[in-house]
Amino acid sequence: MKLLVILVNRLAWLIPTVFGLMAITFAITHIIPADPVAAVIGENASPEQVAALKEKLGLDKPLVEQFVIYLTGLLRGDFGISLYTQRPISEDLFARVPATIELSVVTLFVAIAAGIPVGVISAVHRNSLLDHALRIFTVSGLAIASFWLAILFQLFFSMYLGWTPLQGRVDGWGPDPITGFFIVDALIIGDFEMLGDVLAHMVLPVLTMAYPAMATIVRFTRAGVLEAISSNFVMYESAMGFPRRVIIWKYVLRSALIGTVTQIGLIFGILIANSVVVETVFDWPGIGRYAVDSILNSDYNGVMGFAVFTGVIFILINALVDILHGLIDPRETR
Amino acid sequence: MTGDTLLRVSDLKVSFQTEAGSAKVLDGVNLTIGRGEILGLVGESGCGKSTLARSVLGILPKNAARITDGTILFDGENLLERNEAYLARVLRGRRISFVPQDPFSSFSPVFSIGDQFMELMKWKSPEITDAQAAARTILSSRYGRARRRRDAERVMEMLSAVQLPQPEAILRKYPHEVSGGQRQRLMIAMALLTEPELIIADEPTTALDVTIQAQILKLLKALAAERNVAVLFTTHDLGTAWEICDRIMVMYAGQDVEVAGSADFFARPNHPYTDRLLASLPGAEGGLQGIPGNIPGFVSPPGGCRFHPRCDLASDACRTTRPGVTALGSGHAVRCHHPLGTQFLKEAVT
Amino acid sequence: METIRFILRKFFEDKVALVGLVIITALVLVAIFAGVLATHPGDVSTFHPADRLQGPSLAHFFGTDRMGSDIFSRILFGARITITIAVISVGLSVLIGVPIGLLAGYYNGWFSDLLMRVSDIFLAVPQIVLAIAIAQTLGPAIENVILALSLTYWPFWTRLVYAETRACKNETFVEASVALGASPFRVIVLHILPNISSGIIVRTTLGMGSTILTAAVLGFLGLGPPAPSPEWGRTIAESRQYLPNAWWYATFPGLAIFMVVMGFNLLGDGLRDILDPRIRRSKSNDR
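As they're listed, the protein sequences go chains A, B and C. Numbering-wise (our numbering), the first sequence opens with residue 9 and increments by one. Numbering-wise (our numbering), the second sequence opens with residue 114 and increments by one. Numbering-wise (our numbering), the third sequence opens with residue 107 and increments by one.
Incorrect hints may have been included.
Claimed, not checked - Simulated restraints on C-beta separations:
no. : chain 1 : residue 1 : chain 2 : residue 2 : range
1   : C       : V295      : A       : R252      : 50 to 56 Å
2   : C       : P162      : A       : H133      : 38 to 44 Å
3   : B       : T434      : C       : E281      : 52 to 58 Å
4   : A       : N240      : C       : V122      : 48 to 54 Å
5   : C       : A273      : A       : E73       : 42 to 48 Å
6   : A       : V113      : C       : F167      : 41 to 47 Å
As the list claims (entries may be wrong) - A few chain A residues that don't get close to chain B, going by computed Cβ distances all over 10 Å:
no. : residue
7   : S166
8   : F189
9   : P251
10  : A327
No wet-lab data here; the hints were simulated from the structure. These figures come from a predicted structure and were not determined experimentally. For glycine and all other residues, C-beta sits at the position ideal for the given N, C-alpha and C.
Excised from the complex, chain A in its bound form (with noise of 0.2 Å):
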């Protein structure tokens, strides 16, 4: 019964907040001082052209009625034609979404699964050597620039040792789409050698984007493990005599987890920041290298269309995690 109210809430809170994102990136493009047309036809371009140019992307209508229709068309997932390819940008961000998916999904597992172990066992051995040695990696992963990063991992791993390719996400054309992702698709093809290309590939990225979402992961886990830990549940099961490790690994760490569970929201921010770099540096062909090829080519367009996808998805993301969390913390929900 909870649970339907936290989903009424949330989907309420959902559309209002696409909205005001939508009103946002319409202010940036048309209330911010600029002049996109002079941007794409340049600043030698006769009045005439110029007006025609205003004309075909509606640039003429008062401002109230180009919100309108900026509206309707994304809502209806028309993002716009791009200043600079002259094709949707919606076609271009969905031919590009499952490279971004893959690669965010990959790196959030690797962090998981790195960033909690390193997590709880940096908490049960507080201000140890241990600790202290975890939580300095953990630190410095906060602070180092990703595509910095990104470029340190290139030169050392593909350019001085050779141990990885330099970039892209596959040699040659990869596998047929079927869905897109690579790994799935050279699986359901059964192409081990083309799996073990693409994995590769994914390497150096996925390290790049893992290390600081690992960061994060492991400071809330830690501080989760940390509360947790001096919880009476924990003084009565040693009482009891439960196994330490069932009492750290299940007991303790569901506990942290929970009330962790909606920093994901943050890590896909932080994955979210990253990829636009870490693809470009790994020459990925992503959204975020869409974005990063838009603002070469002053693709005002292009840039928005970026914008509004992402702003949108990552909404959507922090409202299932909210809805998670309220399915996996009884509290919430009975």
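Position chains B and C against the provided structure of chain A, taking the given hints into account.
Just chains B and C now, with coordinates in the frame of chain A:
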């Protein structure tokens, strides 16, 4: 004392490392419990009774607390010489179980009550022999279906024994969905399920409403007697101790001062502190008298008998040497250089 | 006075915060005296094509870049840009965010709700995404980077200040001064603000670190100050086509970013331990 001795704590000294220095929280405490006996451990908050209870369980905080002297003999074996793995696997939860002060926070909030009962039975079921428990490895921690079914039946029987209605429904609930009294009944059920010889109940009713306290105490007493389980029951409330204990032991500032059978204890207190404690009860003669002064600090406690700064009868001997045990017959013993008993004897004569 | 002395003493006991402070002091000094400390102070704007892409040596500690300019000197001048961007954009965010948070927290009503909804929308999207959109629209320039960062960062302070003001408002001493007839301005400035300032200070310190990272990303993407600016992110972007030979070209500017962000993060974490009594208590518990 009924039956033979189950637990004998002798001359136990425990100190805690604090920023101010080493706090001598237990200063040579003696305690015995016979099989099936309920011993009440009475004293003000901070007198060391919880530390004593935790010492027996072996769950003092490892980095802060140190046992500097003494022995804890349980069924003849000195627990202080046993390693942690043995204590955790064989003793705790199986032969010695625990009822905590706060039944709410002592359950994990994120697992159902049934899950937590079955977790206990997985590791501590009475079907597991001591040898199996001692040899526990990750591989041997399988929980077979047949044993699980029998354990589930044990749980259901025990829930009706602690008078919980609709046991199936309760097991599906989470701890925050049942009342405080029900939670403490569940805790008692868990403590008894593993068929222990000793239950350590650390202020089990302090967190409950007064109206529920009496029910829970009666239940604990009846079930312990039925199963011949000894109980070490700590409380700061003499009334509670009176209701369920066979014997009562009083502690003051980390020292045991007097022990006696319940009736004897209330009839002839011998230690000046016990006397004061009884006088402070509502309804006592003169009514509600406090004890002047404060509990001393543990970092540099008063020498000798720690009660001497607040005691009217204190002499030089009290300030320098800790009084030995004076046996007064029928299990009554006091540690005081100037026991009050003589006065009572006089009164009894006249 | 007592509290200040207490905080200072705690500060010097906390080595982590001290290391952070030393790094940041060094950064500020480097930024101010870049002209004196730089071995080739003219190299921000003059080029020596004959010396391009030289490895680290005594003449060029960190080597030279594609224009033959001394990377060490350019990093020192880059510190000025970094400091300017971080201080002004975080300062503007605080100036916008804190008053809004105070007002929305102190008053109840639809206007407070509206302010909070708006800041929640900003917080619902990763900061970098909106910053990229704004910086792209405005064009590459240092003041545009500052604007893009400020416009997207103020809601973080609004959120924090709003929550703390709400909590503080129900404290007895605030209720008492309201009952005694103090004006809202007086209550907010004299009673609430001092009580929530430690949270703002900690957040500001940590915010400097994350702002420097975000600014570096904008620079790396070509949205920062244009060439030949010695901005660190831009320098790293330039270096990419000269790898793997000119390893020093990418390595040293990145190291500079890392050190500075680390400095602010360490100082922020240290300040939080010192200033926030709640966390201090829990920390002493875990010891």
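Cross-check of the supplied hints:
1. Taking the beta carbon of each, C:V295 and A:R252 are about 53 Å apart, inside 50 to 56 Å as hinted.
2. Look at C:P162 against A:H133: about 40 Å separates their beta carbons, and that is inside 38 to 44 Å.
3. At roughly 57 Å, the beta-carbon separation of B:T434 and C:E281 lies within the given 52 to 58 Å, and the hint holds.
4. Against the hinted window of 48 to 54 Å, the Cβ-Cβ separation of A:N240 and C:V122 comes to about 31 Å, which falls outside the hint.
5. The given range of 42 to 48 Å is respected by C:A273 and A:E73, whose C-beta atoms sit roughly 45 Å from each other.
6. With their beta carbons about 43 Å apart, A:V113 and C:F167 fall inside the hinted range of 41 to 47 Å.
7. Its beta-carbon lying about 41 Å from the closest one in chain B, A:S166 satisfies the requirement of being farther than 10 Å from that chain.
8. With a least beta-carbon separation of about 33 Å from chain B, A:F189 lies farther than 10 Å from that chain, consistent with its non-interface assignment.
9. In this structure A:P251 is not separated from chain B by more than 10 Å, as the shortest Cβ-Cβ distance comes to only about 6 Å.
10. The beta carbon of A:A327 sits about 22 Å from the closest Cβ of chain B, which is more than 10 Å, so the claim that it is off the interface holds.
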